[in-house]
Structure formats: structure tokens, C-alpha cells
Amino acid sequence: MTNAIGQSIPRKEDFRFLTGTGQYTDDVQQPNQLHAYFLRSPHAHARIRAIDVAAAKTSAGVAAVFTGADLDGKVNGLPCGWLITDMNGQPMKEPPHPPLASGKVRYVGDAVAVVIAETLDNAKDAAEAIAVDYEMLPAVVDPAKARCPGVETIHDEAPDNTCYVWSIGDRQAVDAAFAQAAHVARLDLVNNRLIPNAIEPRAALASYNRGEASYTLYVTSQNPHVERLLMSAFVLGLPEHKLRVISPDVGGGFGSKIFLYPEETVLTWASRQVERPIKWTAERSEAFLADAHGRDHVTRAELALDRDGKFLAMRVHTTAALGAYLSTFASSVPTILYATLLSGQYTTPQIYCEVTAVFTNTAPVDAYRGAGRPEATYVVERLVETAARELKIAPAELRRRNFITRFPHQTPVALCYDTGNYEATLAEAMRIADVAGFEDRRRHALARGRLRGLGYSAYIEACGLAPSNVAGSLGARAGLFEAGEVRVHPTGKVTVFTGSHSHGQGHETTFAQVVAEKFGIDTADVEIVHGDTDRIAFGMGTYGSRSIAVGGTAIVRAADKVIAKAKRIAAHLLEAADADIEFADGKFTIAGTDRSVAFAQVALSAYVPHNYPLETLEPGLDETAFYDPTNFTFPAGTHICEIEIDPATGETRIVRFTAVDDFGKVINPMIVEGQVHGGLAQGIGQALLEGCAYDAETGQLLTGSLMDYALPRSDDLPSFDVALKETPCTHNPLGVKGCGEAGAIGAPAAVMNAITDALWTLGIRDLPMPATPQTVWRAIRSAPQGRTART
Amino acid sequence: MYAFDYARPESLKEAASALRRNADARLLAGGQSLVPALRLRLSRPPLLIDLAAIGELSGIRVENNVISIGAMTRHADVAASREVQRTIPALGRLAAGIGDRQVRNQGTLGGSLANADPGADYPAAVLGLGATVVTNKRAIAADKFFLGLFETALKPGEIILRVDFPQPLRAGYAKFRQPASRFALAGAFVCDTTSGVRVAVTGAGPCAFRAKRMEKLLAKDFTPKAIEKILLPADDLNSDLHAAADYRAHLITVMAQRAVAQAATV
Numbered sequence: 201m202t203n204a205i206g207q208s209i210p211r212k213e214d215f216r217f218l219t220g221t222g223q224y225t226d227d228v229q230q231p232n233q234l235h236a237y238f239l240r241s242p243h244a245h246a247r248i249r250a251i252d253v254a255a256a257k258t259s260a261g262v263a264a265v266f267t268g269a270d271l272d273g274k275v276n277g278l279p280c281g282w283l284i285t286d287m288n289g290q291p292m293k294e295p296p297h298p299p300l301a302s303g304k305v306r307y308v309g310d311a312v313a314v315v316i317a318e319t320l321d322n323a324k325d326a327a328e329a330i331a332v333d334y335e336m337l338p339a340v341v342d343p344a345k346a347r348c349p350g351v352e353t354i355h356d357e358a359p360d361n362t363c364y365v366w367s368i369g370d371r372q373a374v375d376a377a378f379a380q381a382a383h384v385a386r387l388d389l390v391n392n393r394l395i396p397n398a399i400e401p402r403a404a405l406a407s408y409n410r411g412e413a414s415y416t417l418y419v420t421s422q423n424p425h426v427e428r429l430l431m432s433a434f435v436l437g438l439p440e441h442k443l444r445v446i447s448p449d450v451g452g453g454f455g456s457k458i459f460l461y462p463e464e465t466v467l468t469w470a471s472r473q474v475e476r477p478i479k480w481t482a483e484r485s486e487a488f489l490a491d492a493h494g495r496d497h498v499t500r501a502e503l504a505l506d507r508d509g510k511f512l513a514m515r516v517h518t519t520a521a522l523g524a525y526l527s528t529f530a531s532s533v534p535t536i537l538y539a540t541l542l543s544g545q546y547t548t549p550q551i552y553c554e555v556t557a558v559f560t561n562t563a564p565v566d567a568y569r570g571a572g573r574p575e576a577t578y579v580v581e582r583l584v585e586t587a588a589r590e591l592k593i594a595p596a597e598l599r600r601r602n603f604i605t606r607f608p609h610q611t612p613v614a615l616c617y618d619t620g621n622y623e624a625t626l627a628e629a630m631r632i633a634d635v636a637g638f639e640d641r642r643r644h645a646l647a648r649g650r651l652r653g654l655g656y657s658a659y660i661e662a663c664g665l666a667p668s669n670v671a672g673s674l675g676a677r678a679g680l681f682e683a684g685e686v687r688v689h690p691t692g693k694v695t696v697f698t699g700s701h702s703h704g705q706g707h708e709t710t711f712a713q714v715v716a717e718k719f720g721i722d723t724a725d726v727e728i729v730h731g732d733t734d735r736i737a738f739g740m741g742t743y744g745s746r747s748i749a750v751g752g753t754a755i756v757r758a759a760d761k762v763i764a765k766a767k768r769i770a771a772h773l774l775e776a777a778d779a780d781i782e783f784a785d786g787k788f789t790i791a792g793t794d795r796s797v798a799f800a801q802v803a804l805s806a807y808v809p810h811n812y813p814l815e816t817l818e819p820g821l822d823e824t825a826f827y828d829p830t831n832f833t834f835p836a837g838t839h840i841c842e843i844e845i846d847p848a849t850g851e852t853r854i855v856r857f858t859a860v861d862d863f864g865k866v867i868n869p870m871i872v873e874g875q876v877h878g879g880l881a882q883g884i885g886q887a888l889l890e891g892c893a894y895d896a897e898t899g900q901l902l903t904g905s906l907m908d909y910a911l912p913r914s915d916d917l918p919s920f921d922v923a924l925k926e927t928p929c930t931h932n933p934l935g936v937k938g939c940g941e942a943g944a945i946g947a948p949a950a951v952m953n954a955i956t957d958a959l960w961t962l963g964i965r966d967l968p969m970p971a972t973p974q975t976v977w978r979a980i981r982s983a984p985q986g987r988t989a990r991t
Numbered sequence: 729m730y731a732f733d734y735a736r737p738e739s740l741k742e743a744a745s746a747l748r749r750n751a752d753a754r755l756l757a758g759g760q761s762l763v764p765a766l767r768l769r770l771s772r773p774p775l776l777i778d779l780a781a782i783g784e785l786s787g788i789r790v791e792n793n794v795i796s797i798g799a800m801t802r803h804a805d806v807a808a809s810r811e812v813q814r815t816i817p818a819l820g821r822l823a824a825g826i827g828d829r830q831v832r833n834q835g836t837l838g839g840s841l842a843n844a845d846p847g848a849d850y851p852a853a854v855l856g857l858g859a860t861v862v863t864n865k866r867a868i869a870a871d872k873f874f875l876g877l878f879e880t881a882l883k884p885g886e887i888i889l890r891v892d893f894p895q896p897l898r899a900g901y902a903k904f905r906q907p908a909s910r911f912a913l914a915g916a917f918v919c920d921t922t923s924g925v926r927v928a929v930t931g932a933g934p935c936a937f938r939a940k941r942m943e944k945l946l947a948k949d950f951t952p953k954a955i956e957k958i959l960l961p962a963d964d965l966n967s968d969l970h971a972a973a974d975y976r977a978h979l980i981t982v983m984a985q986r987a988v989a990q991a992a993t994v
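Protein sequence lines, in the order shown, are assigned to chains X and E. The numbering of the first sequence is my numbering, which starts it at 201 and goes up by one. The numbering of the second sequence is my numbering, which starts it at 729 and goes up by one.
These aren't lab readings, by the way, just hints derived from the structure by calculation. In this text, a Cβ means the ideal position worked out from N, Cα and C, and glycines have one as well. Treat each hint with caution, since some may be false.
Claimed, not checked - Here are the simulated distance ranges between beta carbons:
#1 E/Met-729 x X/Arg-677: 40 to 46 Å
#2 E/Lys-957 x X/Gln-900: 37 to 43 Å
#3 E/Pro-934 x X/Pro-869: 41 to 47 Å
#4 X/Met-870 x E/Arg-789: 48 to 54 Å
#5 E/Lys-883 x X/Leu-906: 32 to 38 Å
#6 X/Met-870 x E/Thr-993: 39 to 45 Å
#7 E/Arg-769 x X/Gln-223: 52 to 58 Å
#8 X/Phe-215 x E/Ser-739: 56 to 62 Å
#9 E/Arg-789 x X/Arg-981: 55 to 61 Å
#10 X/Pro-984 x E/Met-729: 36 to 42 Å
#11 E/Lys-948 x X/Pro-984: 56 to 62 Å
#12 X/Ala-724 x E/Ser-739: 43 to 49 Å
#13 E/Val-763 x X/Asp-252: 49 to 55 Å
Unchecked claim - Some chain E residues close to chain X (C-beta under 10 Å, calculated; not the full set):
#14 Ala-731
#15 Asp-733
#16 Val-763
#17 Arg-769
#18 Ser-771
#19 Pro-773
#20 Leu-776
#21 Arg-829
#22 Val-831
#23 Gln-834
#24 Pro-907
#25 Arg-910
#26 Leu-913
#27 Leu-969
#28 Ala-992
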């Protein structure tokens, strides 16, 4: 198959997943394995006066019980991978993050002890026998209140509960622009806290081999090499080469499985203490409590416009919750991945953003599908739509007046967009969504007693993370390249080893398509291997829609090296000069002749080098490449949402949802469409359904199960209308940009713009997410013109 | 889950005697509430008495305008029953709207009533239709059955055998779902009979209750408009993350109106 790229071929991994033959961490069984149960804090903030584990240690089936005191001095805290430097040039506050609570607990769910026993029930029984003497402390869960005078300090290292106050942009220039503005749009926005909920909960299985003094950890990780590096070098002080991390099949991550968590760290350490394998699998309730959450911003946002609706400047002040401890990439999310996107698709010449990151007595907050970019898009697109309504300019028209049309474009917030065509995605989305017919539909809806609204979201994201030197200058403590190895076997079949990790993205298919097209072979002849530090050279993993742009490019580079070497072998076999060999359609041909040799024949010669230039060329056909991108990629698009509200109940139904995305070149349109659908579901979930709530006084998680935390179900969603526009990325060989997060980034603003459109004439300017029926009903009831809406 | 003993009697007599011998034993019907509670270690019975093998507890019979539904009859079977659809279509629709397909295939009428979850659907139908809950000891009128939050008139040792529903002239049920659990935030079962109108509300209070002011107005004028202005006092209603009491009070009226509209079109 020489035209594999661009084909919607069925996913190679589906047979395994659909027939129950996948191998997830919890499926792995090791002889003699023990089970771990983590005793978690029932309090949001308390001093630990004493822990009595004596009864637990003698409980039936118990092999060991460990608390924070057992780890003190032996196990370091979990590191944060991104150093943010504050406005005054000071490094962010980095309080320790012990894997088991030490001295204090700081959120409900903070791990206090681990019980390791023959069975999970044995471990749970023993955990009930542990007596913890807590001295309760006041808790703070609202980021807006974390810095208030008199609020209890969570970490001594940050007395005012502030990790950093960081800014980007020229404040004076922005203030000056606002002073000149003909109009200023203002919004106070809350970006609601979300709980990720991958279908497979986190799990780990750690073992220690005394004979080899080595460790093996199976874990639900999106980036096993990063996990190994952090755990071995920073936390446990193990030799990196003696720790093998395997991420087998993983059932969804959405960012929540990027991070190094306490549980697998404790298991790895403890496996040596007990010299038996130890397994832990989170229960759904545990996942709610102890997985890293997402979002949780409180923002004041302002947009200054001139008389013609041209954007002059944007000013944004955000308070972002980090939770009780700094998770692995927590510090970068509300800064580098957020404020740099505030230019959106627009020419806004001046932008200033100030971010105050605070600790709260809640689960740690870190990257969740979109990571900073949904929050930025929400700010920009809510502001733009609000400004359009205030100025009585059609929202699409206001966008058109401000679109960036010339590339490359340097924004005032650090990024340089290489390419895009924003008018094209907007126009196509408006055509598919039949915006022209909307006012008719609105009238008909009103006749049925329904309030209908239409909202846009013209999003942009920065993906393909990241040029390592740029990331490094911004505080990253890791490189952000990717590695790929292409191994051609003697028969011409190919195994590809990639540092990217697939946990729902379909890499085994799309990456195979890329290699199949490169070599002119069938996708069935290409196997993709990922998720094992012993098999794969290195990898930075999968997040930030980076896999095809960075991981895919590394594979292309390795494949190019294979082709370059194969050409030399072919030249020898054909008795021609290297320079005369052309490679196309799976054949090496002497240019201008019909003399050729097939790819598989060359592969065989590389491994059976009887007729082979051994003096100048090594046998074998196996190449590795490390690729570090030169820029981010900039997927962008327009979402249009159309909703109807039943004013009697406040219920919002999405009646149409159109997404036109520009992901650059698309490898497998079906897989991309699936990614868009999933992202939209999560974005719509944020807008209408999902809202993590902690009790303001006690810090108890109120939405601790699926009975109270509303994930979108299929009947909450419309049938999506999706389409693609392709402007190829200019700086990677595939022209790809990435697609995994777009839906979650664009959708919330589109939904909320539609809802506020429906309610605008009642005098409602803004509503908090999630716009639940109660929220909408109450807003209508208390709106100036609300009573007329037949509630 | 804590360890427990498990019995699967094949007759009512055996079940009753097992229950008599072990005062802390729990009856297992469809297990849709009890089993999750066990898994979360919130319940620790020494013995589970599974009623699934007692044939006489399942099935639907119609006699003299009374529809008798066995306590162990699954929601899906009630929803699919032609007898139910012919006699009380609103009851069939209610059963078809409980939980999800898995819950309906497993959950039972008797289990739902004995558990008396404030958000459950069946209590609204039982109270709204003025049904009779028949146990191994006695017959309990619906008006005397629901006492409070997860609290019923059932006494220790008592096993629900069936529920007898009198056939109404017409009936309707509408509920507004809590977005996450899909239990009723507020649901209203409205029933018109020769002896008057009954309106039963679920989801909004500690247990199902009747809205008597609505009943009086609907008895005179069985239209949604008749109760348009009625707003139940919020003081007695539940308030939680998903709905404050005033929103629930409002939803009760809207759902009752929709139930009336539905009943009127049947």
C-alpha cells in the first residue's frame, strides 16, 4: 500500500480491545503477588499526631504496613518537572510532596499508609485497624480564598499559600491601550474543576528481582521513560538501568496518567522490602479522590476594542489552583500552556496576563485534555463573543475583522504561528451549521416555548510539544523531543519502536500507515511497539497532542535513514552508483531504467550479506532517530454550537454541533474524527455537566462518585457534524499538527456562547460552568426580563 | 466487601425461617443498591438471603381490574409486559425509565420499595396509584408504607410478596433527572380514578409523598393549567448539590403538569 496516509483504515488494535484480549496492568498476574491498599486521609487538612499500625501489622494476611515515617530519609518527595520563575525573578515555592503523608495531611484522599497483604480484603481489613490521631486544621478549597488573610497555611514553605505570581506581556503598553479604547468587554470567569475519569483506573504492579538487583514496574503511564527517570533519579535513588517500566495497554489517560504518583512510587520501593510483587488498582472512588484534577481557574478578563471592533489589547488576571501538592507538570499548565494562547486566532497587539498559583486543600491539579489551552480559549472566545454582542456586531464578523491572515505571525505572548487559515474554517463551519437559517430556527423554537441560541468558538492550540531549548528557557526540567526506531527484519517486515504511548489514540494504526507509505509496504507488515523502557530507546511520551507531530516525525526520520542505507545496498545489488538509485512504490530503481530491486530483497541482503558492500557498509537495517521540533504546531478551527433551553426546567439540549478543524495533514481521518468526537464530549461535559465540588468548610469531595459527578452520556450529546480543512504544518515532514485535544479546547466556549446567546435578551451576560438545569433556571428567574420566559 | 454467608432458598417458607433465625440478615432482591453498598463496605450483613430462586415472587397477573406484580419481578419485565401496557401504561413507561438497561434487567419492584430511596421511581407509582403492598404478614396500603428516608412500614422478618395496583382511569408519570445519577430530582405520578385524583411526588422529599392540594384542583379540572400556580412549600423538600429545595418545588409543579398532560392524551 503506497498511499496509506490519508486512508481511514480500521484500527489494528481494535480486534484485541473488542475481543477482550488486551493486556492492561491489572490483567498482569505475577506468582506470589501481594496486594496493596492505601489508607487515605478522611480530612482535608490535619496534623498527624500519631499513627498506630500495630494491630494492622498482625492482621490476617498482612505482609507489611508502611507510613510516611518509614519512608522518611529513604524516599524523596515527588518532583515537579517545570520551574516557574515569578514576577520578581524568584523561583516558585516547591514544598515537598512525600509519597505518604509526613506530619500533615493536606487533602481528603492524601495517602497516609499502605497495607500490603495476601488479598485486597486482607489489606482493607488491616487498614481499618490503623488508628490515626488527627489534629484538625481549617481547610481552604476555593482558589480565590487561598491567599485571604487568616487562611491556614498549607505548606510552611509557602506561608501565604502562593506558589508563584507570574506574568507575561507588557503591562504598561496594555494599560495604555485600554486607556485609548472605544469599548472594553469584561468578564469574571470560573473555569470549573474537572475530574478526568479514564475508563481504566490507575494501576501498578511492582516487583524486585534480588538476583539481578532490578525492578520491574507495570504502570498505567502515558510516558514510561519519564516515569522511570523521575522515579529512579529523583525519588528512589535507583540506577535508571535497573528499573524497567512497562505501560501495557492503557485505557485512556487524558493527561491524568502523565504524572508520577505516590502509589506506584511506594509500590516500587516496597517491592524490595517485601521481596514479592505488589499490585494496586485504584477503585473508582479512589480515582475521584486521588487522580490529578484539571482546570480550576478564577479569572478576570478584559478586552479593549477600537471604534471599528479591532482588538487593541487584552488584560487577564487568573488565580489557578494547584491543589495540595505540586504534581509533575502542574506549574506549567496555568502559565506556559495557558497565557501563551491568549492571542487566539487574532492580531491582538498587546496582551498582559498575570497568574497567581495557589495551594488549596484539594487533590493536585495538573494537565487534563487541553491543559491550559481550554482555559485560554474560554477566556478569549467568551470575551470576543461578549464584545460582539455589546457592540452589536455579528460574532463571526468581529472575528473576521481580527483574524490573523499573514504568516508566520508573532504574537505578543511568545508564540510564533507558522501557518493557518482561520477564515476558511469559520466559513466552512458556518456553511455546515447553516448559520444563515438560524434566526428562523430561533423563531420556531420560541413558538414552541424554547429559547434557542448559537455560539462560536474559534480556538487555537499549541501542540507538538516542544522545542527543547525553548521549553528549557521557560523552565522545563526535561527535554521534549521524541525517539523512534525502525527495525526492518530480513523478510522486509517492520517493527517500529516509539517513545510515544498509545492509550486510545490508535498509534498502532496511524504510525503503521506512515511507515507503510514510506516503504511502499502493507500496513499489516508494520508493527508498532510502545510502552516499555527495555524495548524502546527512549521517549517523552504522549500528551499535548504531540505524538504524530513529534513521535511521528522521529519515526519518519528513522525511516529516512533506513531508506538512505537501503539505497546503498540496492546500488550494490544493481551494480549502479548510489546517486542513481530512486526509491518509490516499494522498489529501488536505477533512474531512467526498468532495473529494480524490491524493498524486501534489499532487507534480506542486509541480513544475509553474501553479495554486500561489507567494506563500506554495516549489515542490518535498523535505524533510530531522535527528533526535537523547531516550533510548536498550531491546530485551529471553529466550533459552532446550537442549543435549546427549556425555560420551565432550565434544561439545555444541544441540537447541533459543528466542528471544522485544521489539523494539518491527516493520516487516518476516521481516527481523527474519533478523537474529535471524544474531545467534544469532554468539552461539552465541562460546559453542561461536570463540576467537581468540595465542601467549602470541611474540604470533603462532594462529587466523589459518578452518582454526583456527571460525565456526559451519549444521549447528552448530539450527532456531531465534523469536517477538516488542511493547511499543512510548515516545519515537520508530515505537515501534521495534532488533533487529540481540540474538541475539549473549543467546545466549552461554543456551548456557553450559545447559552448566553439564547439568554442575552433576558439580560443574562454570563453563566458559570457547568450550566446545569438548576443554574440556567435560576439565572432566568433572577434575570431582569426572566419572568417573561415562561419558567 | 466483607465476608458474609449466602443462602438461596427455593421457597418463601425457607426464606422467612432463615430471616427469623438471623435478625441481622439482609434480603437480596435485584441487588442494585445493596451490592454497591456491600462493595463499598457500607453494609456488613452476616447473611444474605437471595430471593431469586423463589418462583412465586415473580410475575404479573391481572384480575378484577387489579394488576398484581410479584416483588421479584424485574423492571425490564414490567416495562415489557403487555398486561401492564394495556392496564396502566404509565407504570410500564415508568419501569422503562428506571436507571439503565442493566439496572432494569436486574432490579426488582420489591427491592426498590423495601429500599425506599428518595429518588426512586416506583414509590411514586405505588403511592400515586394507591396500591397495596402485600407481605408475608399483611397487606399495607401505600399511604402507610413510606415513612421517611430509606424508611418503610416493613417490620423485621417481613418479606414483600407482591404489589396490587388498582387499574386507574388514566395516569401519567414525569420526572426530571439528576444529571449524574439519573435518579429523579423530582418526579410526579398523577392518577385519575373513579374515587378521585392522586398525585404522588418522588425525588423531592425524604420519601414519596402526596400533593393533596394538586389532587383537589385536578379532581375539578384535570388539566395542566389547573395546577399551574401551585407551588409546594420548599421547607419540607430536599436540598443538595444538584437542586435546592425551591428548584425542586418548582420542578414538582412542572412535572405534575407534564404527567397530567401525558395522562390526558392516553
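Here is how each hint holds up against the structure:
About 43 Å separates the C-beta atoms of E/Met-729 and X/Arg-677, a value consistent with the hinted range of 40 to 46 Å. Checked against the hint of 37 to 43 Å, the C-beta distance between E/Lys-957 and X/Gln-900 comes to roughly 39 Å, which is consistent with it. Between E/Pro-934 and X/Pro-869 the beta carbon distance is about 53 Å. The supplied range of 41 to 47 Å is therefore violated. A hinted range of 48 to 54 Å holds for the C-beta pair X/Met-870 and E/Arg-789, which are about 52 Å apart.
Distance hint check: the CB atoms of E/Lys-883 and X/Leu-906 are about 34 Å apart, consistent with the given range 32 to 38 Å. For X/Met-870 and E/Thr-993, the hinted distance range of 39 to 45 Å is satisfied, since their beta carbons lie about 43 Å from each other. At about 30 Å, the beta-carbon gap between E/Arg-769 and X/Gln-223 misses the expected band of 52 to 58 Å. The supplied range of 56 to 62 Å is broken by X/Phe-215 and E/Ser-739, whose beta-carbon atoms lie about 48 Å from each other.
Taking 55 to 61 Å as the suggested C-beta distance range, the pair E/Arg-789 and X/Arg-981 does not conform, at roughly 47 Å. Take X/Pro-984 and E/Met-729: their Cβ atoms lie about 55 Å apart, and the range 36 to 42 Å is violated. For E/Lys-948 and X/Pro-984, the hinted distance range of 56 to 62 Å is not satisfied, since their beta carbons lie about 36 Å from each other. The hint said 43 to 49 Å for the Cβ distance between X/Ala-724 and E/Ser-739, and at roughly 60 Å that hint is violated.
For E/Val-763 and X/Asp-252, the hinted distance range of 49 to 55 Å is not satisfied, since their beta carbons lie about 33 Å from each other. Restraint check, E/Ala-731 versus chain X: the minimum CB separation of about 8 Å is within 10 Å; hint holds. The restraint placing E/Asp-733 at the interface with chain X is violated, with a minimum CB-CB distance near 16 Å, outside the 10 Å limit. Interface hint at E/Val-763: violated, since its Cβ lies 14 Å from the closest Cβ of chain X, which is beyond the 10 Å cut-off.
This hint holds: E/Arg-769 has a C-beta 7 Å from the nearest C-beta of chain X, less than the 10 Å allowed. For E/Ser-771, the interface hint is violated, since its Cβ never comes within 10 Å of a Cβ in chain X; the closest pair sits about 15 Å apart. Interface restraint check: E/Pro-773 against chain X, minimum CB-CB distance 16 Å, threshold 10 Å, status violated. Interface hint at E/Leu-776: violated, since its Cβ lies 16 Å from the closest Cβ of chain X, which is beyond the 10 Å cut-off.
A hinted interface residue such as E/Arg-829 counts as satisfied when its beta carbon comes closer than 10 Å to some beta carbon of chain X; here the least separation is about 12 Å, so the hint is violated. Violation of the interface hint for E/Val-831 is found here, the shortest Cβ-Cβ separation to chain X being roughly 13 Å, above the 10 Å cut-off. Among the interface hints, the one on E/Gln-834 is violated; its C-beta lies about 17 Å from the nearest C-beta in chain X, farther than the 10 Å criterion. The beta carbon of E/Pro-907 comes within 4 Å of a beta carbon in chain X, closer than 10 Å, and the hint placing it at the interface holds.
Against a cut-off of 10 Å between C-beta atoms, the interface hint on E/Arg-910 holds, since the closest Cβ of chain X lies about 8 Å away. Proximity of E/Leu-913 to chain X holds as hinted, the smallest CB-CB distance being about 8 Å (cut-off 10 Å). Annotation: interface hint on E/Leu-969 holds; nearest CB of chain X at approximately 5 Å, less than 10 Å. Contact between E/Ala-992 and chain X, as hinted, is not supported at the beta carbon level, the nearest pair being about 18 Å apart and thus beyond 10 Å.
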